[in-house]
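J.: If you're matching them up, the sequences are chains C and A in order.
First residue of the first sequence? That's 0 in numbering that gives the first Met the number 0, and the numbers climb one at a time after it.
First residue of the second sequence? That's 0 in numbering that gives the first Met the number 0, and the numbers climb one at a time after it.
If you're looking for bench data, these hints aren't it; they were derived computationally from the structure.
All the given hints hold, so there is nothing to weed out.
Put simply, identical chains are the same to the list, so a pair is met inside one copy or across any two.
Simulated crosslink set (SDA-like; lysine to any residue; CA at most 20 angstroms straight-line):
1. Lys41 <-> Trp30
2. Lys121 <-> Gly234
3. Lys184 <-> Ser117
4. Lys184 <-> Gly169
5. Lys184 <-> Phe116
6. Lys41 <-> Ser247
7. Lys184 <-> Val248
8. Lys41 <-> Arg251
9. Lys73 <-> Asp86
10. Lys184 <-> Ile168
11. Lys184 <-> Ser120
12. Lys41 <-> Ile27
Here's the letter readout for the chains.
2 protein chains.
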Amino acid sequence: MASITATQFNLVYDVLSFSLATMGATTIFLWMRVSSAAERYKSALIISGLVTFIAAYHYLRIFNSWTEAFEWTKDGTVQATGIPFNDAYRYMDWLLTVPLLLIEIVLVMNLPDDEIFSKASKLGVASALMIILGYPGELVLDENHLGTRWFYWFAAMIPFVYIVYTLLIGLADATNSETDLTVRKLTKGVQWLTVISWCTYPIVYVFPMLGIARDDIVVYIQLGYSVSDIISKCGVGLMIYRISMAKSVALRRGSEQTPLLA
Amino acid sequence: MASITATQFNLVYDVLSFSLATMGATTIFLWMRVSSAAERYKSALIISGLVTFIAAYHYLRIFNSWTEAFEWTKDGTVQATGIPFNDAYRYMDWLLTVPLLLIEIVLVMNLPDDEIFSKASKLGVASALMIILGYPGELVLDENHLGTRWFYWFAAMIPFVYIVYTLLIGLADATNSETDLTVRKLTKGVQWLTVISWCTYPIVYVFPMLGIARDDIVVYIQLGYSVSDIISKCGVGLMIYRISMAKSVALRRGSEQTPLLA
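Take the sequences, apply the hints, and build the full model.
T.: Below, the structure written as structure tokens:
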């Protein structure tokens, strides 16, 4: 385990706790609003809440792993305990939440039921593949083996590019078919917010290649991924909420003719 | 307790945590969707959620047992603490969840109320018997006594074959009576997914007979059962959800004439 300063230890500690609280709060809000959504959009809200719920679980585990990996000494410094800090939790989290994130976006779009299922499946598989390809490289922090890290970075970027393409171009017709201007803007917004926030992950991934000192890397990676997670899970989840609610109102006014279940 | 490497310890640790998160997330989704199902299918959704809920409970126990069975040394290796890793949890879990799994399948099928009860009871008893007969063999890992493991394997395969026969052939009439094509495909799908995922359990069971090194067996068994559990509980549960919802929509449209309670 890298040696870190007391300030660095506290910084990561606070950010992990903040992330846990944010994920938990977003979960409760999304789930408590499900009963007010139209039948068709309930699944989207439940799944948005599941994403932040699963993330809250993993932030609790990451937080506990962080506090077990270090201990305070009598003179106010922090030293490694020998228990390794578990960085697999983030990947376990993403393996579940990233496909669900894409499914929640597809569920609020103007798509026929069968296309919802096929689009959600393809995006789900592509995103799971992206996570699986990224993980082996994440374990490489040693500066003499950064080529391996780059290799997995490139491998994971292939499904990543496919997902970005599908979100921005493949789903453009469905987005443009939204008759309500607010809904169309929100739908475009959620696609762009997802793509932009996702672009921060491959940047955090290459932190070790940017010449950051070995001991500092773990700190920067934790901070970077935590901020990205809050934007892509809570931010996107709350936009899905606004779309669901706007569409539920439109459905009730009878201005849309869509089947009732998804 | 077998001696394992740090990587093996982490692998099982991560997979157990991932399974716990998956079971928990599936439970919440299934239960939150109950209110949208037709009265007749609410029990099936609740029971599908119970299966993953009971599994989540046991995965928490298995996870904790795993972390108590090993400890980190100062030099970054893992050693046994002397507290045995409890593998009875899986059998306790199956004794409850496997009969429930079969009941949730029977509940979404086109069967008269009295036949639902008799089919569910027979399948429930057969599956409980299968678990009870399998357990004594699971305790035998010593390569000199693998004959005993084989004996219980064969004993448990008798009710197993009866269940497979009932699912694929005994219930075929009910499956073919589904008028909705999507529902019929989904019902066949859930029967086959159950049978295929269940076939992985007797394969994992014979891992010790396949010449895998003693120390590695516990790792492979944990990984194998975890993957099988996710498919047979979460995968099947979500298919039951799709059948329930499709049938609920059909019921509301009045295209089906079925009694309202199960």
